[in-house]
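K.L.:
Single-letter residue listing:
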Amino acid sequence: MNLSWQRRRNAFSHAWLRNRYIPSLRKWLNVLDGRVEDREFEKMFIFNVLPEWRHHGDECADLLRTFAPEMSPRKLINWPSDDDWLPELIDLLWLARCGVRTQLKLAQETLGLADEAYGVILGIISQDTIPDASDFRSYRNTFSSFCELCQTLAKRIEQLPSEVKPI
Amino acid sequence: MKPLLPRILVVDDLLGRGHHECRNEERAVFCGQVLLKDVTGDEVGRKSHQVIKRPVAEAVFVRGQVPRISTVDDVVENALAVTLESVLKGWGREASPKWALILLDLCFYTGLVTARSNERAKGMPEGRLTDEDPQEYFGLRVLEAIHSRIPEVPVVIMSHRPRETVSREYALRGAMGFLPREEASEEAIRNYLFRHGLVSDDRGVIVGNSTPLLLALRTARRASIGRGNILMRGERGTGKELLAHYLHHHSRDRKNEPLVVVNAGALGPSLFASELFGHKRGAFTGADESRKGRILEADGGDLFLDEIGYLPYDVQVALQRTLEYGEVVRLGENHSTSVDVRFLSATNVDIEGQALTEDFRADLLDKLRTGGTIRLPALADRIEDVPLLVERFAREAEAINPQALHRSIEPEAIELLSTCQWSGNVRALRTCIFQAVNSHPDVEHLFPVHLDLPLEKERTSWEGVRESPGTRELNHESFRTLDEIMGEAARYEFDSSKPVDWVGRYPQIERAYALLLARYLSAALKAEMRHTPENPEGTIQFRPSLRLLTGDSITTSKAQDLVIKIRHLSADPDVARFWDSDPVLRCAYEDCMQKRR
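Line by line, the protein sequences give chains A and B.
Numbered per our numbering, the first sequence spans residues -15 to 151.
Numbered per our numbering, the second sequence spans residues 231 to 827.
DSBU-like mimics (lysine-lysine), calculated; alpha carbons at most 35 Å apart, straight line:
no., chain 1, residue 1, chain 2, residue 2
1, B, Lys267, A, Lys139
2, B, Lys795, B, Lys825
3, B, Lys597, B, Lys510
4, B, Lys283, A, Lys27
5, B, Lys795, B, Lys756
6, A, Lys27, B, Lys267
7, B, Lys485, B, Lys510
8, B, Lys522, B, Lys510
9, B, Lys319, B, Lys283
10, B, Lys283, A, Lys139
11, A, Lys139, A, Lys59
12, B, Lys319, B, Lys267
Treat the hints as calculated values from the structure; they're not laboratory data.
Given these sequences and hints, build the entire structure.
P.N.:
Given below as structure tokens:
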């Protein structure tokens, strides 16, 4: 098993996306709805938490890009070099038969959509003023869409195989 | 009386850890995410400024590990015993409220807290490989321990581990469900509290926080959202009608429709059919106008049918058809009318026994409980609710008279009320409190002396009873026999500095003595009754019965004199009622009086 990819997935999906980012987004939505008052959190969310997407979004893209090379069952085989065609075949079979190609595609699409949604949010936030939650209430749906996309992304990432297995 | 918010215990390594200098940010975010009010009380130095406007519940967070507060170079380890202690602390009799729900993480990270891991999340360790092994999840061990000690408390797993990898394990160990961490929301928590939580009545109508009551309310909520008919079982005075209102209130599609109440026990046999099904004008003598009938009045909603054990057989037949086909035929009509009614029925008799003896139709009984059966606990099974009930009833009694003094029911009175048998259950307790409040309009503090307790067998153990303040302590735990109780009563000293504790006690002492002797005599008479084939019910034997009572030889004539003497020991009406209610005593007294004449 390639612990490196698993660890990176855990660090992104478990430690950051599910444990920190999505809960913060959900709390932010409750702040926008007036159900929670937390001035300290408002500033921290806009200036510290929300922008984390920039770095972690890239991390996610890298995770998805390296998934196939690092998690393919071709790694289980140690064939002589003149049988180069075999690892390639295993890769193709794995991608096609185990539904991995579809799962990967869905995860990448979701990441793309989340990136777009984040771009919209960036346009809303002004760095020149100290924002107040009331400034963003009218954009609640935009934040909500972004939050849902993050949740979908978390699910898609979780659905990717968790170990290198023979097909 | 505003009902308490439900209280949830969250066992989670990330959310449960404490800090010295700052708030647990992840916990604050979680509380803001699901609208929980953090009442852990572990914030040192710096308080959170988060305000949750309308929390769905209170929450206490525990780490499940030691140390609770950790920093760089500390080693964090899982602590099952400490965790279980926290769980049990919130479940004892003193806990108010008790845990309505436990949210339990699965994977707890252990090991060394490094600078790197501390930077990611303060006080969190790096974690060990075994922490993430599903076979080694600490959360599953905690779940097993909780379930073995307190199987009633509902536990929901809250984790970002894939559900399908742990579903079998947590179900096997008794968890109620699984909540993906990132999907935790106010709505999700509300749903879990509704379906599985041990929560009291948020309307404040059904009063109580005891486990048996909360279990009954949970069963009711689960049944309420269905379409099936529901049967309620419970002794008289346990609040079956209140529960019917609770069921109706929590129904998804019927709460805005009628709830019609019918007490089968209060109707005469000839009125049943007409009352339930309605009648056409002229259908029978006296039917001067048409009547819809209670079932049709409840169309679209619920009909609460109390004391179904009293339903006449012909009405059972018609009712069974209504339940089977969803139709009602009014008396005097030739056609049926469709109706959509959910039946909430109640009984305090052994209805299954009646079905076996065919006094009650078995097929009707089955139809009446398609949505389940709910058992309401007797007051004796939820005695810890007595203080809350007493408080509620005192306020209700005062509300009748706006000029009434505010009454304080003193702890001694509450202790005494908690020792009674209450065969009339909550209704009898209510009557007692109303009487106490109304009979003493000019007294703010109500003590045992102000209570007129129901005529019932009181417990022979004085468990829970304490004497008035200022007098010698009674060690109730030492009482095991009647002789011990009587010996202690003989030595009991009243405090002469506190007249309120002994003024007016003589009539009560006389009454207690008269009742004790009456019961003693009753037992002796029954023990010595002679049963013959000619007289299977038995014949009273005065001489041997009174010899048993006194321990001495006695003539029949003197024995009969003694029976009359015991009868007239006290003029208290309760004593007379007791003699009248016991067939053997009544018969013995009448025999003696006849022979004397």
